[in-house]
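Visitor: This is what each chain is made of:
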Amino acid sequence: MQYEVIVVGAGHAGCEAALAAARMGATTALITLQSQAIARMSCNPAVGGIAKSHIVCEIDSLGGEMARNTDYTGIQFRTLNTKKGPAVQAFRVQCDKDAYSLRMQAVVRAAPNLSVIEAAVDGLQCHSGRVCGVVLNDQSVIQANTVILTTGTFLRGMIHIGAKQYPGGRNGEPAVPNLSLQLRQMGFRIGRLKTGTPPRIRKESIAWEKLSVQPGEEPPSFFSDEVRQEQMFHVEHCESGSSLESSCGRSGQALFHVEQSALRPWSPGWCQVPCYITHTTTETHAIIRENLSKSSMYGGNITGTGVRYCPSIEDKIVKFADKDSHHVFLEPEGRTHPDIYPNGTSNSLPEDIQERMIRSIPGMERAVFSKWAYAIEYDFCDPTQLFHSLESKIIEGLYMAGQINGTTGYEEAAGQGFLAGVNAVRKCRGLNSWTLSRTESYIGVLIDDLVTKGTNEPYRMFTSRAEYRLLLRQDNACFRMLPHAKEIGIVGSEVLNRWQRQAQEIRTEIARLEKTASQAGTLAQMLRRTGVSYADLNGALPLDSKVVEQVEIEVKYAGYITRESQQALKLQQIDSQLIPNWINYDSIQTLRYECREKLKRLRPESIGQAARISGVTPADIAILAIVIKRGEGTR
Amino acid sequence: MKELADTIAAIATAPGEGAIAVVRVSGPASLEIADRVFRGHAPLPSRRPGGTFLHGHVLHEGQVADEVLLLIYRAPRSYTREDSIEIQGHGGSAAAQRILRAVLDAGARPAAPGEFTQRAFLNGRIDLLQAEAVLDLIRARSDRAAAAALDQMEGTLSRVFGSLYDRLVQVAAEMEATLDFSEEELPPTVLQDVVSRLQGVEKDAAGILATWGEGHILREGALVVIGGKPNVGKSTLLNGLLGIDRAIVNQTPGTTRDTIEEQMVIDGYPVRIVDTAGLRDTRCEVEGEGIRRARQYMHKADILIYMLDASQEIDEDDLAAMKAKNEKNTIIVINKTDLPYGESIQSYMTKQTAISCSLLHEEGIIAVRARIADLLRSQSACTHHSVISERHRKILVMAIKEITEALIVMRSEDAEVSLAASHIRAALEHLGEANGRIYHDELLQTIFSRFCIGK
Numbered sequence: 001m002q003y004e005v006i007v008v009g010a011g012h013a014g015c016e017a018a019l020a021a022a023r024m025g026a027t028t029a030l031i032t033l034q035s036q037a038i039a040r041m042s043c044n045p046a047v048g049g050i051a052k053s054h055i056v057c058e059i060d061s062l063g064g065e066m067a068r069n070t071d072y073t074g075i076q077f078r079t080l081n082t083k084k085g086p087a088v089q090a091f092r093v094q095c096d097k098d099a100y101s102l103r104m105q106a107v108v109r110a111a112p113n114l115s116v117i118e119a120a121v122d123g124l125q126c127h128s129g130r131v132c133g134v135v136l137n138d139q140s141v142i143q144a145n146t147v148i149l150t151t152g153t154f155l156r157g158m159i160h161i162g163a164k165q166y167p168g169g170r171n172g173e174p175a176v177p178n179l180s181l182q183l184r185q186m187g188f189r190i191g192r193l194k195t196g197t198p199p200r201i202r203k204e205s206i207a208w209e210k211l212s213v214q215p216g217e218e219p220p221s222f223f224s225d226e227v228r229q230e231q232m233f234h235v236e237h238c239e240s241g242s243s244l245e246s247s248c249g250r251s252g253q254a255l256f257h258v259e260q261s262a263l264r265p266w267s268p269g270w271c272q273v274p275c276y277i278t279h280t281t282t283e284t285h286a287i288i289r290e291n292l293s294k295s296s297m298y299g300g301n302i303t304g305t306g307v308r309y310c311p312s313i314e315d316k317i318v319k320f321a322d323k324d325s326h327h328v329f330l331e332p333e334g335r336t337h338p339d340i341y342p343n344g345t346s347n348s349l350p351e352d353i354q355e356r357m358i359r360s361i362p363g364m365e366r367a368v369f370s371k372w373a374y375a376i377e378y379d380f381c382d383p384t385q386l387f388h389s390l391e392s393k394i395i396e397g398l399y400m401a402g403q404i405n406g407t408t409g410y411e412e413a414a415g416q417g418f419l420a421g422v423n424a425v426r427k428c429r430g431l432n433s434w435t436l437s438r439t440e441s442y443i444g445v446l447i448d449d450l451v452t453k454g455t456n457e458p459y460r461m462f463t464s465r466a467e468y469r470l471l472l473r474q475d476n477a478c479f480r481m482l483p484h485a486k487e488i489g490i491v492g493s494e495v496l497n498r499w500q501r502q503a504q505e506i507r508t509e510i511a512r513l514e515k516t517a518s519q520a521g522t523l524a525q526m527l528r529r530t531g532v533s534y535a536d537l538n539g540a541l542p543l544d545s546k547v548v549e550q551v552e553i554e555v556k557y558a559g560y561i562t563r564e565s566q567q568a569l570k571l572q573q574i575d576s577q578l579i580p581n582w583i584n585y586d587s588i589q590t591l592r593y594e595c596r597e598k599l600k601r602l603r604p605e606s607i608g609q610a611a612r613i614s615g616v617t618p619a620d621i622a623i624l625a626i627v628i629k630r631g632e633g634t635r
Numbered sequence: 001m002k003e004l005a006d007t008i009a010a011i012a013t014a015p016g017e018g019a020i021a022v023v024r025v026s027g028p029a030s031l032e033i034a035d036r037v038f039r040g041h042a043p044l045p046s047r048r049p050g051g052t053f054l055h056g057h058v059l060h061e062g063q064v065a066d067e068v069l070l071l072i073y074r075a076p077r078s079y080t081r082e083d084s085i086e087i088q089g090h091g092g093s094a095a096a097q098r099i100l101r102a103v104l105d106a107g108a109r110p111a112a113p114g115e116f117t118q119r120a121f122l123n124g125r126i127d128l129l130q131a132e133a134v135l136d137l138i139r140a141r142s143d144r145a146a147a148a149a150l151d152q153m154e155g156t157l158s159r160v161f162g163s164l165y166d167r168l169v170q171v172a173a174e175m176e177a178t179l180d181f182s183e184e185e186l187p188p189t190v191l192q193d194v195v196s197r198l199q200g201v202e203k204d205a206a207g208i209l210a211t212w213g214e215g216h217i218l219r220e221g222a223l224v225v226i227g228g229k230p231n232v233g234k235s236t237l238l239n240g241l242l243g244i245d246r247a248i249v250n251q252t253p254g255t256t257r258d259t260i261e262e263q264m265v266i267d268g269y270p271v272r273i274v275d276t277a278g279l280r281d282t283r284c285e286v287e288g289e290g291i292r293r294a295r296q297y298m299h300k301a302d303i304l305i306y307m308l309d310a311s312q313e314i315d316e317d318d319l320a321a322m323k324a325k326n327e328k329n330t331i332i333v334i335n336k337t338d339l340p341y342g343e344s345i346q347s348y349m350t351k352q353t354a355i356s357c358s359l360l361h362e363e364g365i366i367a368v369r370a371r372i373a374d375l376l377r378s379q380s381a382c383t384h385h386s387v388i389s390e391r392h393r394k395i396l397v398m399a400i401k402e403i404t405e406a407l408i409v410m411r412s413e414d415a416e417v418s419l420a421a422s423h424i425r426a427a428l429e430h431l432g433e434a435n436g437r438i439y440h441d442e443l444l445q446t447i448f449s450r451f452c453i454g455k
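Going line by line, the protein sequences match chains V and W. Under the working numbering, the first residue of the first sequence is numbered 1, with each subsequent residue one higher. Under the working numbering, the first residue of the second sequence is numbered 1, with each subsequent residue one higher.
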C-alpha cells in the first residue's frame, strides 16, 4: 500500500495533520504506538489560554478539529483578559481528558481516506534526498510520498523522578530510540529539551471545603463556529446507546456526545464543573529547599532546557525566593475521572518528597497519589532546518510539527500539524506550498519565529510575540482565515458563504456608520464613545450578533487597527521580496563573515525573513537587496 | 555587485573659493585611475602602500590640469572601506572640475548624492546614526558645528537613543507581561510601576528634545534679522558687521529686491544675517511684498536686531515690531546718537537690551557683535547630546507623543493595557529607527537621498 501522506504520532499535532490530509482527499496513514492514546492530554486537561486561544480559533476557521473537540468535551469554560482590550481576550476550556481522546479517536476512525496503524516507527526510508516511506521496528516498510513527524516527547525520551531515570515517551509508554539518531545521521541538528508534569491526586482525598472555588462562566464561550451555531439554533438531543462512530454525526466530524448516557438531553457547555484554588505554604517551600539536591532538575541529572514560562515548582522556589506562596489550581481531569491535576506543582522530586510537599498544601493534607510527577527530556530537531511550509530543507517531502520543532503546548502543536498536513497534500499534488504570514495569524507568527530564529527552550505562544495584535484577534479569526479556508477546501461551502456574507455586511455597515450623521457627528463617532454599544445607536440595524461584535470592535478601535494595517502592509512588502535560489552567499564578500554563515545555514526565503534573523544588520540586508536587484537585472 | 563594484568620484569640498579643493575617488579601480591621471615620481600610485601621499600633477588630455597632492587609501582602511584616492588641488571650482573630468575620463563614474557615505554604511564602516552625522558634518559651516557633529559620530547620540530605547523596552516588557499572564502570576504593583517609569522616559526624552535649539543653530546657522523703519541704518549695520569679520561666504539677494541675506561666522557660530525692507505704510505693491516678507523674517528669527533712529519718535509700528520676538532674543540698536534725541527714545536708551551707536562714525558695531555672540552662546547652551538633525527631532517628537498617549490610556478609567502597549510599541519603533535597529527600505532611501554629493 502506497500512502500519499504518513503521519508518525497521533498527538495533537498528528491528529490535525492526518485529518487535514485525509479531508483534503489524500490517502493518509496515522501511525501510533497505541490507538487509545490518540489525542491524549499528556499534561494539563485544558485547551486555550492567552494567545493559545487565538491559535485554536484559527485552526477552527481553517477546518481543523481541535476547537470542536474541545467544545464538545469541555467541562468548564472561561474568558480571560476581559478588561485589557479585545486583542488579548482569550478562552480557556477545561476538558474531560478521556472524552477528549475518545471523541478524537472516533473522528479519526470515521474520517474518509484515513487509516490508523498501530506500530512503532524505527526510521525513515529516503531515496536521493527525498522521503519515500517509513521503516517500522519489525523492519517492514510502509511507502508514502510524504511523511510528517509529530513525535512529541517520544524521541529518546528519558523520564526523571528524583535520582531515578528510565527511557519512556510518556508515563507508562515506551520511548522511540532510533528515529532521532537517523535524523542526526542525515544531517539534522538535534537538541535536547525538558518538560515536566505534576502528580495526579485522587479527588476523594482532597478537603474541598477548605478551598476557594473557581466556577465556570455562564453562558459558556465556545471556540468553534459549529458549536456557536448549534447554540443559536437548536439543542441536539441524542439517543442513548448509540455507538461512538454513529454519533459522530454529519460527515463524521460534527456533534459527538460522549456523555450522552449520563446526561440527557445534553448540549456542549452544559453542567459545568468548578476548579479550586489553593496555594503553597512556607512549609512546602522548606521541604523543597531541603531536598533540592534530590530533584532530577537540580541534582544535575537533566541537561535539557526547561520551559521558562511554565516552571517546575523547584524553579519557582529557587528563582523567586522572595515569594512565600504560589497558587495551585486544582483542575478536574474529567467529569467522572477519579483524578485532579494540581496545576503549578510540576516537579522531578523523589516520590516520598513529592508526597510530603503536596501534603503541606492546604486541602491536600491527606492527598492520595495516583501518578507521580516527573520530568522528561527528549530530542528535538532545530526548526530553522524547515521551510515555512514545515517541510525540511534537508529531506524533501519530510515535514515536522509539534514538540519535535521545539514547541510546547497542545495548541501550538495542533496549529503546526494542520499546516504540515495541508502542505504534505499540496506537495503530492504538485502545488506550491501554503503558508501563513505574521501579519494575518498567530500560526504564522509561531512558524515564522521557529523557522527564522529557532529556539533553545520549549517555545510557547504569547500575544507579545505578535506585532499586529489588534489585527490578530480571536474574534475575527474566521474572517482572517477566510481566503485560506477557501483555498484549502475543508470547511464546507455553506459555512464559507456565511462568513463571506458576514464580512461583506461588516464592511457595508462600517461604511454606513462612518457617513451617517447623528445628533453629534457621525454614527461611527457616537459608537466610539465610552460605554456606547451598537444597539444604542439611532438607526442600528437588526444584524447578526457576530456582525455587530465586529462592527463595534472595528469602529471603536479604528485608529489602532488602521495603524497596524499600514505597518502590516510594509512587512508584507519586504516578505514578498523573495530570495532567489541562485544566491551564493560566499560570493558576496561585502557581507560580514558571521552574517554569511548565518544566511548560508538558515537559507531565508525572503528579504523580510532574513531581516528578522538575529545578528543580521540593516546594512547586511541593504547589500542583499542590492545583490538580488542587480542579479535579477542581468538574468 | 554592480552598485558596489564600480568606482565613483566627486568633488568633496564645498563649491566656492577655498585654499584647496579635494576630489575623492572610491572603488576597486581607484588606484588604476590614479596611475592613469597622476604624474609624479616612480613608482606608480598602485604600487604604493596605503597611507602615502605624493606630490605631482594631474594630466587631462595631455595637459596639466593642476598641481596636486595625491593621498592613497587601501581597503579596508578608508572612509568607504574600499580602495580610495583623494586628490587635493588648488581651490576654486575650475581646477577641481578639471581634475574630476580627468578622473571620470579615466574610468570612474560620478557619485550619486551621499554615495560615499552609503558605501561606508553598507560596508559596515559606520552605523545609521553616524551616517546621519556625516551629513551634518558636511553642512556644518564652522569649527564649533564640526565639533558637535564629531561628537555624534563618536556615538554619543547613539548611546542616548539606545538608553531611551532600552528603558522603554523594559517598561514595554512589563506591560506585555500583564497581557500574557494572569493577575495571579504577577506582583499587584506591576502597573503602577509601569506608569511612573513611563513618565520618567517621557521626561528624559523631552529633555533631549529641548537641546534641539542648539543643534539647529549649529547645523543651519542662526537666523539674525535686522528690522526697522526705512533709513534707520540697517544696511550700514549689516555692512559694518560683515566688515569686522570679513567672512562673507556669498551674497544671496532675496526673492524681492528688498531682502538681502549674508552668511558669516560670529565667535565660531555660523550665522545667516538678513537685512529686511524698511517697515512703513506703502501703496507700492512690490515694496508691500518686501515689508510682508520682512515681518515674516522677523517672526522666525533666532535673534532680532531692531533698529531705532535716535532722532525720531518711537511709534506703534516700532512697538509692535519689537514684540515680534521674545525680549531676550531681541537686540535693540539705537542709531544716530550723534543727532538730537527724540523724547520717546530716551527711556529706551537706559534699557539693558538697547545698544546705542553711531554707525556713520563706526561706533557701536563691536558692541552689537558682542551681544549677538552672547545670545548665540546662551541659545545653544552646550550639552553632550545635542539632537542635531531634523530626522532625530521628528523621531523624538513622535516617540514622546506615543508615550504620552500610552500614559493617557493607562490613566483612563477602564485602562485597556493592550492599547497602551500598542503606543509603546510604536514609540519603540520610532526610537529604533534612530538607532537603525529596525529595517525599513524606504528609511534608508530617504536618508541617502538627503546626502550632498561627495560624502
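Hints listed in this document are in silico derivations from the structure and should not be mistaken for laboratory results. Just so you know, not all the hints are guaranteed correct.
Said to hold, decoys possible - No farther apart than 16 angstroms at their CA atoms in a straight line, the calculated lysine to aspartate or glutamate pairs in the EDC-like style are these: (1) V:Lys-83 - W:Glu-183; (2) V:Lys-570 - W:Glu-429; (3) V:Lys-83 - W:Glu-413; (4) V:Lys-556 - W:Glu-429; (5) V:Lys-83 - W:Asp-414.
Visitor: Each of the hints needs a verdict: does it hold here or not?
Guide: Status of the hints after comparison with the structure:
1. V:Lys-83 - W:Glu-183: holds (12 angstroms)
2. V:Lys-570 - W:Glu-429: holds (13 angstroms)
3. V:Lys-83 - W:Glu-413: holds (11 angstroms)
4. V:Lys-556 - W:Glu-429: violated (24 angstroms)
5. V:Lys-83 - W:Asp-414: Roughly 7 angstroms separates the two Cα atoms, so the pair holds.
Consistency note: the structure conflicts with earlier hint 4 alone.
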